[in-house]
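S.K.: Protein chains in written order, with my numbering: chain A, 238 to 511; chain B, 5 to 435; chain C, 317 to 662.
No lab work stands behind these hints, which were simulated from the structure alone. Each hint should be verified, as a subset may be incorrect.
Straight-line alpha carbon distances no greater than 30 Å define the calculated DSS-like cross-link-like pairs of lysine-lysine that follow [said to hold, decoys possible]:
1. A:K470 to C:K483
2. C:K616 to A:K402
3. C:K497 to A:K470
4. A:K501 to C:K616
5. C:K471 to C:K335
6. C:K506 to A:K395
7. C:K410 to A:K482
8. A:K470 to C:K410
9. C:K588 to A:K288
10. C:K410 to A:K422
11. C:K471 to A:K482
12. C:K486 to A:K482
13. C:K513 to A:K481
14. C:K640 to A:K482
15. A:K481 to A:K502
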Amino acid sequence: MHIVVCVKQVPDTKIIKINPKTNTLDRRSAPAILNPYDAHAVQAAVSIREKTGGTISVLSMGPPQATAVIKKSIEIGADRGFLISDRAFAGADTLATSYALSKALEKINKEMPVDMIICGKHAIDGDTGQVGPGIARRMDIPPVTNVIEVSEVNLEEKTVLIKRKLSNGYELIQAELPCLLTVEKEINQIEYSPMPNMIKAARYEPVIWAVSDFENVDRSQLGLKGSPTIVGKMFTPPRPEGGKKIEGSVDEQVNQLMDILMEKKDVLTLQSSK
Amino acid sequence: MPEKFDVIVVGAGPAGTSCALVCAQKGLNVLLIERGEYPGSKNVMGGVLYRKQMEELIPEFWKEAPLERPVIEQRFWMMDKESVVQFGYKGLEWGVEPYNNFTVLRAQFDQWFAKKAVEAGALLINETVVTECIVENGKVIGVRTDRPNGEVYADVVVLADGVNSLLSKQLGFHKEFRPDEVALTVMEVINLPKEKINDRFNLEDNQGCTIEIFGDSTKGNLGTAFLYTNKDSLNIGVGTTLSSMIKAKLKPYDLLDYLKTHPMVRPMLAGGESAEYLAHLIPEGGYRSVPKVAGNGVVVVGDAAQLVNAIHREGSNMAMHSGLLAAETVIEAKYRGDFSESSLNLYRQKLYDSFIIKDLEKYKDATHTFENNPQYFKEYVPMMNKAMSKFFTVDGTPKRDKQKEIMKSVTSERGTIKVIQDIYRAWKAVK
Amino acid sequence: MNFDEYRGVWIFIEQNDGKIEGVSLELLGAGRKLADKLQVPLGGFLLGSGIKPLAKQVIAYGADEVYMVDHPVLKQYRTESYMQGVMLLVEKYKPEIILYGATPNGKDLASAVATDLVTGLTADTTMLDVDVDSRLLEASRPAFGGNIMATILCKKHRPQMATVRPKVMKALEPDSGKVGKIIEESIDLKEENMRTKVLQIVNDVTKKANLAEAHVIVCGGKGMGDVQNFQILYELADTIGATVGGTRDVVEAGWLPHELQIGQTGETVTPKIYFAIALSGAIQHVVGMKNSDLIIAINKDPNAPVFDVATYGIVGDALEIVPKLIQQFKQLQSEKGGEVSYAREI
Ligand SMILES: Cc1cc2nc3c(=O)[nH]c(=O)nc-3n(C[C@H](O)[C@H](O)[C@H](O)COP(=O)(O)OP(=O)(O)OC[C@H]3O[C@@H](n4cnc5c(N)ncnc54)[C@H](O)[C@@H]3O)c2cc1C
Ligand SMILES: Cc1cc2nc3c(=O)[nH]c(=O)nc-3n(C[C@H](O)[C@H](O)[C@H](O)COP(=O)(O)OP(=O)(O)OC[C@H]3O[C@@H](n4cnc5c(N)ncnc54)[C@H](O)[C@@H]3O)c2cc1C
Ligand SMILES: Nc1ncnc2c1ncn2[C@@H]1O[C@H](COP(=O)(O)O)[C@@H](O)[C@H]1O
């Protein structure tokens with residue numbers, strides 16, 4: 238079983254700061270991390286490999302520093318990693334990203350046929366979740382998004398059994414291999430990596446590819462050039478006008494509030510006191 | 005089979021990284037283990053990096069290291085409630101190569117420094133806590149970490165785990181600190197636009213200033229405060245020995261708040277935005293607190309060995325230099341194939357021959373003297389302020405009379421003999 | 317690419333088991349405005365098996381035209397089969413704008429379709445507009461963790477596509493008298509060619525679903541101080557028949573499970589009454605609740621941003637006010653002899 242996990246380096250949006258004057262990202266404030274969903278994707282691959290054996294490759298597109306997220310994936314348990322890094326990739330939106338990644342996947346597939354591709358549900362910097370299904374289309378394999386469980390992998394029949402999260406519930410899907418999954422966080426918990434993985438990761442040097450390493454690339458589909466969407470403008474979201482302040486002592490405030498609420502009492506379900 | 009390294013260094017602060025760097029440069033197989041998310045992520049320092057010891061490790065480091073500003077001015081404030089007596093030195097020679105020292109933000113600096121060790125060939129592992137040394141037949145043969153399959157082995161373990169050094173305590177090298185051996189320091193990084201900093205501190209870009217503040221900065225307790233300029237932020241902090249904190253029932257953050265709102269300090273911070281709060285211990289026991297620094301298969305460097313000169317606020321330089329000396333020792337031991345205590349004791353000898361122990365010895369009584377004689381901070385600083393105020397207030401009194409009056413008030417407040425005693429004691433402590 | 321060939325605003329009508337998803341009706345409302353501005357018809361397109369009866373509803377909610385592909389293989393949503401249906405319609409009728417609900421299926425479908433159409437797709441839009449002169453869709457969405465909004469444009473490709481977050485647009489009042497055109501297309505699909513099979517669909521009515529449907533929500537923030545204090549919010553909720561939710565900080569502190577988080581990375585809610593108690597009203601929280609009918613905020617800090625969205629604001633200590641409020645309700649109930657209980661609106 239050969240699983241490829243696509244991983245992205247993203248700024249940590251939890252601590253991100255925006256310069257209010259220029260509406261740009263304050264890079265200093267945002268350390269780069271492995272997209273949290275992608276960490277779960279790698280962990281999911283590790284759990285599958287425990288049952289089936291095989292190889293986990295990780296693939297990332299980004300600047301040279303993105304080797305850090307490949308190393309992080311090795312810590313979690315991936316066997317090897319590839320980074321595609323080239324000026325020509327810069328400024329890619331999801332369409333151009335899935336194109337570039339699919340070129341790398343073709344190359345990986347030639348060397349060792351790929352049985353499954355796993356992506357995160359979305360990357361926290363863009364929150365789009367469009368790259369995974371895009372790759373699936375380009376590789377012409379079925380995508381299964383929002384996966385919360387991979388319950389069975391049948392290598393003989395070349396099928397997998399998957400739980401896919403829906404708005405209210407889930408569905409059980411059987412998909413043929415090869416296929417592409419995008420995973421939710423609840424699919425697993427990231428395990429604390431064992432020391433040998435840490436040492437392996439510290440030593441690991443990912444393979445780095447540039448555009449010139451690929452065959453049959455249409456350069457017009459890469460990077461900014463290949464991106465149909467552009468950012469028009471950035472603005473701070475309009476703040477709605479505030480309403481009325483209820484003034485007075487605490488008791489007066491509570492009384493006024495009660496009056497307001499009693500006007501809406503049909504919405505309330507007042508429990509009888511026991 | 006778990007791996008065996010030549011050297012395991014615990015802690016990627018200035019001490020550990022220096023040691024790892026030098027060992028790796030000499031081709032040793034080095035594992036550097038850091039518990040933080042990355043080196044520097046948890047590290048705290050007022051922020052003055054001394055050029056000399058760093059340069060010994062990486063020549064001309066200032067050309068690429070993430071430094072904030074070269075320090076061209078050092079000020080000292082004797083601060084009272086509503087006044088301050090100041091002196092200092094500003095020299096443009098410190099603003100050009102090879103510089104004197106720099107302000108740094110540790111989160112950035114440590115990360116860069118560790119990268120240098122990695123480039124030299126050391127393996128760096130983050131987010132991993134060393135829980136204990138593995139000891140066999142009285143010899144340290146490796147470390148145990150909090151990770152699954154977490155044991156790793158080495159000929160020598162270098163403990164660079166900072167002031168608390170649980171690991172050297174476990175080996176019995178240390179006793180628990182006495183409250184007068186450590187200072188608790190809290191600091192804050194305050195973002196402020198570069199132009200404002202330049203205006204307020206009378207600087208140009210790439211010129212930095214440090215202010216050490218005594219007196220009311222600690223409400224008169226033994227300790228100091230500091231205010232340093234970074235590129236577009238300020239580091240402000242205050243610390244006192246744990247013992248005075250306990251005695252005076254001070255809460256460290258209250259002290260910092262007090263300092264930040266002090267009328268002498270407030271205008272310099274105005275409009276700034278607090279970016280980070282940090283708290284840390286500083287070993288201040290000095291010469292008398294230096295523990296055993298070498299054992300069978302193990303050496304202790306930096307803050308873990310309490311190598312800090314509290315009077316001059318030198319720590320990172322001592323950490324780096326001790327890391328270098330330890331590395332030299334380990335390399336020699338490797339050459340001899342002998343990692344016994346007697347072989348590694350060469351490190352102790354090197355340490356005692358260096359400026360580190362010599363400086364610590366020179367000031368060995370200083371903290372003690374000040375701790376036991378609170379008048380230095382409590383009484384003399386206000387006295388100096390009053391004296392200056394009197395002397396410079398133009399009210400028609402002849403200057404000669406003013407001097408007499410000042411002397412009289414000093415001696416009446418503390419008594420002539422006592423004043424002479426105090427001066428002598430202080431001089432002896434720092435001479 | 318000849319842009320003039322592309323005309324009309326289309327909405328993907330997502331249906332499950334013959335029931336149209338709320339977001340699709342909301343999008344018909346939003347799409348109506350765009351279509352009117354551009355002076356083009358509004359189309360709804362839907363796929364499935366036995367879906368014909370739904371066409372009327374689509375028209376009643378604002379569509380001028382309904383495009384349908386009805387086939388047994390389309391019974392359950394699957395990317396493979398659905399995208400073939402969409403490709404067929406879009407390539408034939410060439411709409412200039414297509415909007416999808418940002419639901420799991422909507423996002424999945426839109427991403428796949430965009431790849432094959434080689435066009436731009438803006439994800440999780442929360443504001444929509446159109447520039448009449450350039451006929452460009454201006455799809456705005458939170459960026460960089462929600463602190464700012466970015467308007468995304470697709471200048472050189474058609475159709476322009478976006479997924480839109482549920483509950484941020486408003487559906488129109490249905491007009492059952494409205495007439496429209498119904499267009500059906502047939503498709504050739506074979507089950508044996510499908511590489512995925514849906515074996516089972518499980519609806520679990522979790523707490524989360526409760527939150528989305530609740531009419532009254534008591535949402536607490538970090539300002540409650542600790543998990544003990546937070547319990548009084550449950551007491552309030554129990555007394556008035558509300559559901560409890562929380563901010564991300566509360567969830568991260570472990571006071572509440574993640575399903576009960578409200579906001580950008582949690583649930584979007586639109587209850588009739590929303591109590592925002594001891595929460596600051598960070599933008600990421602506000603996007604998830606600002607469309608509630610009545611928002612009551614209680615916060616110690618008169619400058620808390622939550623007051624900007626609150627219908628009524630009380631500056632005060634929640635730990636003081638909430639118990640008094642509970643007491644008042646309890647008193648009211650006992651006065652009514654415990655026999656009167658107001659029925660919950662369904
Ligand atoms: C507020 C303040 C201001 C200061 N100002 C100055 C100044 O201006 N100039 C100056 O030169 N010095 C200053 N110092 C002192 C200086 O910071 C220290 O002397 C110096 O950092 C010591 O370096 P070190 O490498 O020994 O320890 P540290 O920098 O403390 O590094 C120890 C490292 O070990 C890691 N670690 C600890 N335990 C473990 C474990 N079990 N497993 C794995 N990793 C572990 C820690 O995360 C840390 O990275 C200041 C100190 C403070 C607190
Ligand atoms: C990418 C990203 C996504 C996010 N997604 C979400 C999300 O989905 N949902 C979400 O909620 N947040 C989200 N956040 C976090 C959000 O930015 C805020 O940090 C969070 O909402 C703050 O929670 P809070 O209001 O409970 O806490 P605080 O901001 O700490 O506010 C507490 C408030 O309580 C008040 N207070 C204190 N004591 C009392 C008292 N006794 N009585 C009355 N008032 C009192 C205080 O004045 C203060 O206003 C996200 C952030 C990022 C970066
Ligand atoms: N630059 C990239 N390199 C590798 N994988 C990526 C990249 N961008 C997106 N992905 C994958 O696609 C998923 C969804 O990303 P997005 O569509 O950007 O939200 C991520 O979780 C990754 O698995």
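S.K.: Indicate, hint by hint, whether the structure satisfies it.
M.R.: Hints versus structure:
no., hint, result
1, A:K470 to C:K483, "24 Å, holds"
2, C:K616 to A:K402, "39 Å, violated"
3, C:K497 to A:K470, "37 Å, violated"
4, A:K501 to C:K616, "25 Å, holds"
5, C:K471 to C:K335, "35 Å, violated"
6, C:K506 to A:K395, "20 Å, holds"
7, C:K410 to A:K482, "51 Å, violated"
8, A:K470 to C:K410, "27 Å, holds"
9, C:K588 to A:K288, "49 Å, violated"
10, C:K410 to A:K422, "37 Å, violated"
11, C:K471 to A:K482, "45 Å, violated"
12, C:K486 to A:K482, "27 Å, holds"
13, C:K513 to A:K481, "54 Å, violated"
14, C:K640 to A:K482, "18 Å, holds"
15, A:K481 to A:K502, "20 Å, holds"
When the structure is compared with the earlier hints, violations turn up for hints 2, 3, 5, 7, 9, 10, 11, 13 and for no others.
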